[in-house]
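Quick mapping for you: the protein sequence lines, in order, are chains A and B. The first sequence lines up with residues 1 to 203 when you count with full-length UniProt numbering. The second sequence lines up with residues 1 to 203 when you count with full-length UniProt numbering.
Derived from the structure by calculation, the hints contain no laboratory data. Accuracy of the hints is not assured; some may be wrong.
[Claimed, not checked] Here's a subset of chain A near chain B, in silico, CB distances under 10 Å, partners left out:
1. A29
2. S37
3. Y53
4. P120
5. A121
6. V122
7. R134
8. D154
9. T158
10. T163
11. I166
12. V169
13. A184
14. C196
15. P201
[Said to hold, decoys possible] Cβ pair distances, simulated, as ranges:
16. S51(A) with A121(B): 49 to 59 Å
17. A128(A) with D43(B): 25 to 35 Å
18. E97(B) with P151(A): 18 to 28 Å
19. D43(B) with R12(A): 48 to 58 Å
[Said to hold, decoys possible] If you want the ones that stay clear, here's a sample from chain B, every Cβ over 12 Å from chain A, calculated:
20. A22
21. E30
22. G86
Note that beta-carbon positions come from the ideal geometry of N, C-alpha and C, so glycine has one too.
Below, each chain spelled out in residue letters.
Protein chains: 2
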Amino acid sequence: MAYRKTPAELRRLETARDHLVARATEVVAEVGWAQASVTAVADAAGIAAGSVYQHFPSKAALAVEVFRRASGHEVEVLGEVLRAEGDPVERLARGVETFARRALENRGLAYALLAAPAEPAVGAERLAYRLRYRALFAETVEQGMAAGLLPPQDGRITAAALTGAIGEVLVDPLGTPDEGSTEALLVELVAMALRCAGAAPAP
Amino acid sequence: MAYRKTPAELRRLETARDHLVARATEVVAEVGWAQASVTAVADAAGIAAGSVYQHFPSKAALAVEVFRRASGHEVEVLGEVLRAEGDPVERLARGVETFARRALENRGLAYALLAAPAEPAVGAERLAYRLRYRALFAETVEQGMAAGLLPPQDGRITAAALTGAIGEVLVDPLGTPDEGSTEALLVELVAMALRCAGAAPAP
Numbered sequence: 001m002a003y004r005k006t007p008a009e010l011r012r013l014e015t016a017r018d019h020l021v022a023r024a025t026e027v028v029a030e031v032g033w034a035q036a037s038v039t040a041v042a043d044a045a046g047i048a049a050g051s052v053y054q055h056f057p058s059k060a061a062l063a064v065e066v067f068r069r070a071s072g073h074e075v076e077v078l079g080e081v082l083r084a085e086g087d088p089v090e091r092l093a094r095g096v097e098t099f100a101r102r103a104l105e106n107r108g109l110a111y112a113l114l115a116a117p118a119e120p121a122v123g124a125e126r127l128a129y130r131l132r133y134r135a136l137f138a139e140t141v142e143q144g145m146a147a148g149l150l151p152p153q154d155g156r157i158t159a160a161a162l163t164g165a166i167g168e169v170l171v172d173p174l175g176t177p178d179e180g181s182t183e184a185l186l187v188e189l190v191a192m193a194l195r196c197a198g199a200a201p202a203p
Numbered sequence: 001m002a003y004r005k006t007p008a009e010l011r012r013l014e015t016a017r018d019h020l021v022a023r024a025t026e027v028v029a030e031v032g033w034a035q036a037s038v039t040a041v042a043d044a045a046g047i048a049a050g051s052v053y054q055h056f057p058s059k060a061a062l063a064v065e066v067f068r069r070a071s072g073h074e075v076e077v078l079g080e081v082l083r084a085e086g087d088p089v090e091r092l093a094r095g096v097e098t099f100a101r102r103a104l105e106n107r108g109l110a111y112a113l114l115a116a117p118a119e120p121a122v123g124a125e126r127l128a129y130r131l132r133y134r135a136l137f138a139e140t141v142e143q144g145m146a147a148g149l150l151p152p153q154d155g156r157i158t159a160a161a162l163t164g165a166i167g168e169v170l171v172d173p174l175g176t177p178d179e180g181s182t183e184a185l186l187v188e189l190v191a192m193a194l195r196c197a198g199a200a201p202a203p
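Produce the complete structure using the sequences and hints provided.
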């Protein structure tokens, strides 16, 4: 009979893997994909470089996992806000603000997730996750139209536009990051998103 | 005295290089960055694979040149339309339509330039060229505000949003590409861009 890992061994492995991915995410946020070498990540996790390969066959596989976990979390948070109770236009505004505020609070990670040059495997994940953002925005825009709060439009196109627009604005935010400029940027970004969806300007 | 190439030799080299880049661009448009190997590109150009390295030190260097020429041309075309005579809002609409129409007429190349997973060197170029699109759109939005045709806004943020929005909509256009759906997409895209900049809806 082939050797099988005990439940305790599996749990230990999973914990070690989670720890490694969490440390790798911090390294990527700090130095970017290119500089986040297996050695740098292993150092941060307090393990030998060789041990990284117990969990991931390659640096690219680890990078993909870092991307998926971090982006998956952002998609979840956005989905919760967009799918909360109430007026679809208000939810859209809150969703854009929440997403952007989180990105601006961890600019290094946001840049890595949204735009930083990365290996093609990460680029492919980026495209896949963008489709998830698009689906969430499309749902909210459709609800806004159904409620008569947004004018007739192809919700899927507006959703794609919102996804691209928000990402691009956050890639290279303007000016030096201080609290005042961050709040001003959020106000402009939400206003732009509402205009893009055709919401009537706030009275 | 060191050997120097004669003017005739330099011209011949430049012509060969131009030919190689043009064929490589066609290969990238057809099969994408990953499949556009040095061998595939050399075959398309009718030269030996080794000869590619007379012109470019690496596949990445060739890819960067393909990207720069093709994107440089798109930036130029967009700049010409946006900087033509007349009403800034009309120029913005024409610029978006021209850019998108060109992309939809060569979807393979547009996808490669805008979004396809590529080596990091191409990713870095993509970010640099996006700043050029942003600068062009910002200029037009500022002119629209100055003319009283667009409401007060941070033109740089709207410009970033337009750049990201248009790119994302074109990355994965909806439905099967036929003439009718292309025209409908262009109408939606231009309408979205004008809303995004806050232009009054056409009467």
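**Request:** Compare the structure with the hints numbered earlier in the document and write down the numbers of the violated ones, lowest to highest.
**Result:** 1, 2, 3 and 16
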